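*Asks:* Assemble the complex: chain R is given as a structure, and chain F must be docked to it using the hints.
Sequences listed follow chains R and F, in order.
Using the working numbering, read the first sequence as starting at 1 and increasing by one per residue.
Using the working numbering, read the second sequence as starting at 1 and increasing by one per residue.
Worth flagging that the hints you see were computed from the coordinates, not collected in a lab.
As the structure is a prediction and not an experimental result, all values here were calculated from the model.
Misleading hints may appear alongside valid ones.
[Said to hold, decoys possible] Capping the alpha-carbon separation at 30 Å, the derived lysine-lysine pairs in BS3-like fashion look like this: (1) F:Lys177 / R:Lys222; (2) R:Lys75 / R:Lys134; (3) F:Lys222 / R:Lys177.
2 protein chains.
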Amino acid sequence: MSINHYDDETFFDAYAKMQRSQYGLSCAGEWYLLENMLPEIKDKQILDLGCGYGWHSQYFVDCGANKVIAIDCSKKMIETAKMKHTHPKIEYHICNLEEYNYPTNTFDMVFSNLVLHYVEDLTAVYRKVYQTLKPNGEFIFNIEHPVFTAGINQDWIYNAQGDIEYWAIDMYYYSNKRNTQFLGCDIQKYHHTLTQIINELIVCGFVIETIQEVCPNEEMLKQPDMIHEMRRPMMLLVKARKR
Amino acid sequence: MSINHYDDETFFDAYAKMQRSQYGLSCAGEWYLLENMLPEIKDKQILDLGCGYGWHSQYFVDCGANKVIAIDCSKKMIETAKMKHTHPKIEYHICNLEEYNYPTNTFDMVFSNLVLHYVEDLTAVYRKVYQTLKPNGEFIFNIEHPVFTAGINQDWIYNAQGDIEYWAIDMYYYSNKRNTQFLGCDIQKYHHTLTQIINELIVCGFVIETIQEVCPNEEMLKQPDMIHEMRRPMMLLVKARKR
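The following block holds chain R by itself, in its conformation from the complex:
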């Protein structure tokens, strides 16, 4: 079962204040890499797993997608998406990504941004995505990096002066629920090893086309404190093709 914090009012309000929530894709640190990984979008059928505010779904229809099915388990997220990014070619559904029916052989691309680390059984989702893709269809996702999810409290270790000392991990090979603080709330995520994230895709029949860890580009490094993002990986982008 996946975890949904996004219907919690405090969390949802804090999320609304994030740069990426207010200003969209251009304010998401991963977007400059993720956009480059996308295949031709024109006339394609796309499934957006965990669509949030619908920024990506909107982008896909702007690029000429024929149809986007966008699901999110959070009622509040879907309500916001319907207000902010309504479009005749986007169909929004309140639905847990483990419970969606995944019609066979239907989509040219399945996309998922920063959601799969809330999923306990990653392999089960991989199998469903495989089934719902057309042959040669692409599965493109951004998941929190195992180094990040295995991070102690998913926070830096600070020295006595309150400065960042380093990033510490523990219990790496125990794939399980981890507690952390995010936007001032207690949050749970699922830590998966790299083997589980990548090798299980191969076992399911996918061909790995790109693996890209997200680091800031030159422009982003001009922002205060962004240099720390060079010190440990936070996100992992994967592009896999159905054989």
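*Replies:* What follows is chain F alone, placed relative to chain R:
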């Protein structure tokens, strides 16, 4: 240029005392996973990059390999290999793995165990391996995991009582030389990100067939202190096929 500590007498003597040096593959924690990744060996032409004492080369000829070319940059290692694992089908050469001539379209498998983290330019080696493999040939290697090479001093962080507290990493996205202590000697290795280790293979034309992080099995976990090996990944096994 890759790094060679193995001709240093102090280091070489300490290495000789390691379980894996004395008793071979069965005492190497990765072997139970690595052996499972090997293709059919019988009648194959194999290149062993960084052969060390020659344990793997010996295993390959025992499995019916037609020919094994085994190279190592350490004169002392090759001398030991020639004493311990001499065989008419194994040809040992003292040679840096960046300087080897890599004959085109020659080998069915290129194998490399715990050597590539001494190599600065991983992609250059990948290209040479690709060229020297026959079509559908396999490249199977074990490299120190990026979490390990990015580890601070490549050692645990200990608390005031001297107990292991956690594993800390830093400067992850800076792919460069790292200093550590190994077997009582000052050692340098090259840290490479996961993106460099995996994605560069894909860029070179390889298909990723298996990615497997090494964790201890049930039997190994009975050994004292082995439980700590569950806390951070040390080795990464990769199997890639030439397209």
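*Asks:* So which of the earlier hints does this model not fit?
*Replies:* none
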